[in-house]
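**Q** Mind docking chain D on chain H? Use the hints.
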Amino acid sequence: KAGVTQTPRYLIKTRGQQVTLSCSPISGHRSVSWYQQTPGQGLQFLFEYFSETQRNKGNFPGRFSGRQFSNSRSEMNVSTLELGDSALYLCASSLWGGDGDTQYFGPGTRLTVL
Amino acid sequence: DQQVKQNSPSLSVQEGRISILNCDYTNSMFDYFLWYKKYPAEGPTFLISISSIKDKNEDGRFTVFLNKSAKHLSLHIVPSQPGDSAVYFCAAQGGSEKLVFGKGMKLTVNP
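Order-wise, the sequence lines are chains H and D.
Position in the first sequence counted from 1, then plus 13, gives you the working numbering.
Position in the second sequence counted from 1, then plus 165, gives you the working numbering.
Just chain D, with the same shape it has in the complex:
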């Protein structure tokens, strides 16, 4: 059973607009959440993280929101740029679990 779910496999947005990537989790023991970006034939690149004691973390154009009661987190990219086009993975860790990844979502930012 998938503990971390990214229900939308892909998202397409226009350059300059906001990209919102969603992630749901089932394990209430998860207490640290991360977003990674991945290009083909490369390893995942760390983007931003959030601890369960916070509900928001910002880093430049990237903001992650955590809703613990809904077991939901989202990544906002504003403004979106063509170079942001990649596969984005949501990951979580905590309890007895090491890093558990979602299946990924392909973001395409059109010029």
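Excised from the complex, chain H in its bound form:
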């Protein structure tokens, strides 16, 4: 079974621009979660989508948004980029996203904001 895939793997943007990242979950997985990893803050939860609905949201500003499509693929958008948004963005999928359901991660998208 193919794993979680994320595109693109690397991105360079400038401050003020916006960016869209894509994630394809493992076949059959309906829950997709997004995380931001930075050296200072570690891995932090952004949001989770299930059946095209945002089910949970972490403590990030409204510039961070996402959506999920009927095939469970998900996109994450960051508007008005700031230097501090430079990070590794990770997508994880799981069957239903509930307690006891293991999340499997993609390779991540490395975003650099100049």
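Simulated from the structure, these hints should not be mistaken for lab results.
Don't take every hint at face value.
[What the hints assert, rightly or not] Here are the simulated DSSO-like pairs of lysine-lysine, each with C-alpha atoms no more than 27 Å apart in a straight line:
#	chain 1	residue 1	chain 2	residue 2
1	D	Lys236	D	Lys268
2	D	Lys170	D	Lys268
3	D	Lys170	D	Lys271
4	D	Lys236	D	Lys221
5	D	Lys170	H	Lys70
6	D	Lys170	D	Lys233
7	D	Lys236	H	Lys70
8	D	Lys268	H	Lys70
9	D	Lys219	D	Lys268
**A** Structure of chain D alone, referenced to chain H:
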């Protein structure tokens, strides 16, 4: 405030010996705990998990122990191999919390 803590940033062990990675948590609502391994420029790879109804779970060379009263879990790797060298993350979920990660610990296994 950090809900999941990995207090040691790094650990170095000899090949063939045991590696013990520790993790503490503060939220008593956490009921599912996981360990992930991560190489640079890659996403975390799931290693092993444990539910709060158990105190031990084994998978090959990896064993996770959970002490609920102490809010502590540990990952034992026996025997350690050079390929185990990576950053290990402890994570927990439960209550209203989605997956909460520790800051990670870098394990180096020397040949």
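**Q** Now tell me if each hint is right for this structure.
**A** Evaluated hints:
1. Lys236(D) x Lys268(D): Holds: lysine 236(D) and lysine 268(D) sit about 17 Å apart, inside 27 Å.
2. Lys170(D) x Lys268(D): holds (7 Å)
3. Lys170(D) x Lys271(D): holds (14 Å)
4. Lys236(D) x Lys221(D): holds (14 Å)
5. Lys170(D) x Lys70(H): It holds: about 22 Å lies between the C-alpha atoms, which stays within 27 Å.
6. Lys170(D) x Lys233(D): Holds, at about 15 Å.
7. Lys236(D) x Lys70(H): holds (25 Å)
8. Lys268(D) x Lys70(H): holds (20 Å)
9. Lys219(D) x Lys268(D): Measuring from Cα to Cα gives roughly 24 Å; hence the hint holds.
Violation of the numbered hints given earlier is absent; every hint is satisfied by the structure.
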